[in-house]
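Colleague: Read off the chains here:
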Amino acid sequence: MSDPNSAPAIEVENLVKTYSGVAAVNQVSFTVKRGEILGFLGPNGAGKSTTMRILTGFLPATSGVVRLCGVPVASESDKVKRLIGYMPENNPLPEDMRVSEYLYYRGRLKEVPRKRLRARIDEVLELCDLKRVRHRIIGKLSKGFRQRVGIAEAILAEPPVIIMDEPTIGLDPHQILIVRDLISSLRGRMAVIISSHILPEIEMTCDRVLIINQGRVVATGTPGELRREILGHSIYKLEIAGDLSGLPALLNVVEPSLKITDQSEPDLQGFCTLRLATERDDPIGESLLRALTADSRYRIRGLGQEHPTLEDVFLAATKRTWEIVDAQGASK
Amino acid sequence: MRHFFTILSHELRMLLVSPFTYVATVLFLVVMGTIFTWMLEQFAEAPQQASPAAMFFLFFEVPVLFMVPLLTMRSISEERRLGTLETLLTTPVSTVEVVLGKFAAAYCLYMALWASTGGFFWVLWKFAQDPRLFDVGPLIGGYLFIAVSGLFFIAIGIFTSSLSRNQAVASILSFSLLFGIILGLNFLRKMEFLNNEALFPVKAAVDYVQVFRHLEDFTRGIVDTREILFYLSGCALALIFSILGVEAKIVHS
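So the protein sequences, as listed, match chains A and B. Residue numbering for the first sequence follows the working numbering, beginning at 1 and increasing consecutively. Residue numbering for the second sequence follows the working numbering, beginning at 1 and increasing consecutively.
Hint data in this document are derived by calculation from the structure and do not stem from the laboratory. Even glycine gets a Cβ: it sits at the ideal position worked out from N, Cα and C. Mixed in with the good hints there might be a few duds.
Here are a few chain B residues that face chain A, going by a calculated C-beta distance under 7 Å [stated by the list, open to error]:
{"#": "1", "residue": "Gly-83"}
{"#": "2", "residue": "Thr-84"}
{"#": "3", "residue": "Pro-92"}
{"#": "4", "residue": "Val-93"}
Computed beta-carbon distance windows for the label pairs [said to hold, decoys possible]:
{"#": "5", "chain 1": "A", "residue 1": "Val-22", "chain 2": "B", "residue 2": "Leu-16", "range": "29 to 35 Å"}
{"#": "6", "chain 1": "A", "residue 1": "Ile-198", "chain 2": "B", "residue 2": "Asn-166", "range": "31 to 37 Å"}
{"#": "7", "chain 1": "B", "residue 1": "Ser-116", "chain 2": "A", "residue 2": "Val-22", "range": "51 to 57 Å"}
{"#": "8", "chain 1": "A", "residue 1": "Val-22", "chain 2": "B", "residue 2": "Pro-201", "range": "56 to 62 Å"}
{"#": "9", "chain 1": "A", "residue 1": "Arg-187", "chain 2": "B", "residue 2": "Thr-25", "range": "49 to 55 Å"}
{"#": "10", "chain 1": "B", "residue 1": "Gly-221", "chain 2": "A", "residue 2": "Pro-72", "range": "22 to 28 Å"}
{"#": "11", "chain 1": "A", "residue 1": "Lys-140", "chain 2": "B", "residue 2": "Gly-33", "range": "33 to 39 Å"}
Just a few of them, taken from the derived set where beta-carbon distance is under 10 Å, the chain A residues facing chain B [to be verified]:
{"#": "12", "residue": "Gly-57"}
{"#": "13", "residue": "Phe-58"}
{"#": "14", "residue": "Ala-74"}
{"#": "15", "residue": "Met-87"}
{"#": "16", "residue": "Glu-95"}
{"#": "17", "residue": "Tyr-105"}
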């Protein structure tokens with residue numbers, strides 16, 4: 001076993017989990033460095049929660065290896081439980097306890113020394129902006145406060161790995177902002193893995209994104225890398241009127257790799273909205289515009305380079321896996 | 001076992017802040033008080049053979065059948081329903097500690113309830129001052145029986161609570177199991193077909209697990225280690241099953 005102080009925070013190799021023959025997680029591998037924030041993206045039922053539960057040692061895996069800070073989860077789950085702070089989906093909390101009581105109880109369970117615990121509870125209450133509600137009963141708190149209680153509980157024992165399943169679900173935009181800042185503030189100190197399907201969320205907080213669908217890893221990298229990898233290099237949006245049948249030939253002259261990926265029906269003024277993809281990284285907008293305006297067959301209303309959001313990446317990536325799954329289904 | 005006391009104190013605290021506990025306690029004392037009063041009336045009308053203590057403990061199945069499911073049904077099924085079992089088991093706590101902690105808390109409350117009935121006897125002794133009515137032997141024997149059998153009964157309640165996320169299902173299940181053990185086996189013993197010679201070992205086994213017989217022995221001052229062993233092993237078995245129940249539910253969740 002490697003030195004626990006230098007090993008990556010999370011290592012997952014060929015993880016498989018099947019439920020009565022159906023694979024929920026299929027050959028998933030990834031690593032998370034110490035202090036890194038990883039976003040886990042995927043549609044519902046993609047296997048996000050299952051993977052996270054396996055990481056915590058709560059669920060046993062069917063096959064594959066998971067190591068947290070060099071400690072294998074399957075054989076040394078007792079040790080692993082001391083390395084993680086886990087907040088499950090929907091953030092279950094006891095209804096009839098006060099916030100400070102709950103944190104004290106959890107701190108005792110997580111083996112925080114009694115002497116340090118009081119000070120540490122004050123610290124996390126401050127960090128999560130919960131000081132005002134520390135004596136309130138959890139069942140009577142609003143959703144935003146409950147969510148922050150869950151996060152406070154996860155970081156209470158200062159574990160090297162924090163696992164949070166949809167920490168921002170059901171929050172209003174203001175609360176999302178607070179939670180996001182809170183998660184960002186952990187960067188560098190703890191490795192954080194959060195799952196979500198709110199994409200701007202992930203894009204803003206996470207260093208790296210892992211897209212998972214149908215139990216498989218579809219794509220992984222920083223949001224910028226993913227954009228390039230999944231969507232091709234650049235996308236241009238063109239609003240044009242006229243006979244479009246000669247357009248591909250014209251585009252070919254400007255740039256051979258330029259292709260029409262999407263075309264809308266003409267609107268009232270006869271303009272179609274087109275999306276053009278090219279592998280070129282440098283801007284070609286000017287030469288494209290010049291070639292199009294020079295041609296009398298076309299009228300141009302607008303041309304602009306599109307900055308794809310992670311949302312587009314996500315949709316494209318998940319669509320790609322569906323195609324793979326469909327192809328496999330058809331070949332059987 | 002370092003977390004056992006953390007969980008025990010947490011559970012006791014939760015029981016003490018819950019209004020449900022006080023409602024249950026009041027109900028228990030009302031039922032037991034009524035039985036005690038009725039019994040004293042019997043003594044006032046005609047001299048009885050048994051001492052009041054021995055007679056009082058004969059009604060032990062009434063609170064056991066109703067109180068044990070009430071006290072234990074919430075313990076594990078509630079945590080499972082809320083999902084807090086998942087957060088609990090991802091801390092450095094073992095399933096054994098969780099189950100034992102919850103069992104110990106429920107047992108403490110159960111014994112506290114029974115201990116409160118000691119007040120009835122204190123009142124009786126205070127006002128009657130009659131040594132014929134106040135016999136210490138059966139009293140100690142009776143409470144000893146309650147303490148030993150309570151281990152088994154509470155363990156059954158914990159076991160059924162570990163099986164379902166629904167409290168109602170858990171309580172009905174534990175009521176049925178307790179009913180079968182306490183009254184069902186008593187009924188079975190009287191069945192004619194057990195007198196068949198081929199079924200003799202079965203009859204011997206059924207005779208051995210007569211809860212009412214055990215109570216009689218205890219109140220008469222006979223503390224039979226075989227009977228204690230029956231309750232202790234039953235308790236251990238039920239607790240092992242609850243631990244397995246909690247773990248199996250996780251694997252198949």
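Colleague: Now look at each hint and say whether the structure bears it out.
Modeller: Hint-by-hint comparison with the structure:
Interface restraint check: B:Gly-83 against chain A, minimum CB-CB distance 3 Å, threshold 7 Å, status holds. The restraint placing B:Thr-84 at the interface with chain A holds, with a minimum CB-CB distance near 5 Å, inside the 7 Å limit. The interface hint given for B:Pro-92 holds, since its Cβ lies 4 Å from the closest Cβ of chain A, which is under the 7 Å cut-off. A distance limit of 7 Å between C-beta atoms decides the matter here; for B:Val-93 the minimum to chain A is near 6 Å, and the interface restraint holds.
Between A:Val-22 and B:Leu-16 the CB atoms are about 45 Å apart, so this pair departs from the stated range of 29 to 35 Å. The hint said 31 to 37 Å for the Cβ distance between A:Ile-198 and B:Asn-166, and at roughly 33 Å that hint holds. Between B:Ser-116 and A:Val-22 the CB atoms are about 54 Å apart, so this pair conforms to the stated range of 51 to 57 Å. In this structure the hint that A:Val-22 and B:Pro-201 lie 56 to 62 Å apart at CB is violated, the actual value being about 48 Å.
In this structure, A:Arg-187 and B:Thr-25 meet the distance hint of 49 to 55 Å, their C-beta atoms being roughly 52 Å apart. The hinted window of 22 to 28 Å between B:Gly-221 and A:Pro-72 is violated, with their beta carbons roughly 58 Å apart. Against the hinted window of 33 to 39 Å, the Cβ-Cβ separation of A:Lys-140 and B:Gly-33 comes to about 36 Å, which satisfies the hint. The restraint placing A:Gly-57 at the interface with chain B holds, with a minimum CB-CB distance near 7 Å, inside the 10 Å limit.
Checking A:Phe-58 against chain B by beta carbon gives a least distance of about 5 Å; that is within 10 Å, so the hint holds. The interface hint given for A:Ala-74 is broken, as the beta carbon of that residue sits about 13 Å from the closest beta carbon of chain B, more than 10 Å. A least Cβ separation of about 8 Å between A:Met-87 and chain B falls short of the 10 Å threshold, and the interface hint therefore holds. Hint status for A:Glu-95: holds, given a least beta-carbon distance of 7 Å to chain B, under 10 Å.
Hint on A:Tyr-105 holds. Least Cβ distance to chain B is approximately 5 Å, under the 10 Å limit.
In terms of the numbered hints stated before, the structure departs from hints 5, 8, 10, 14, listed from lowest to highest.
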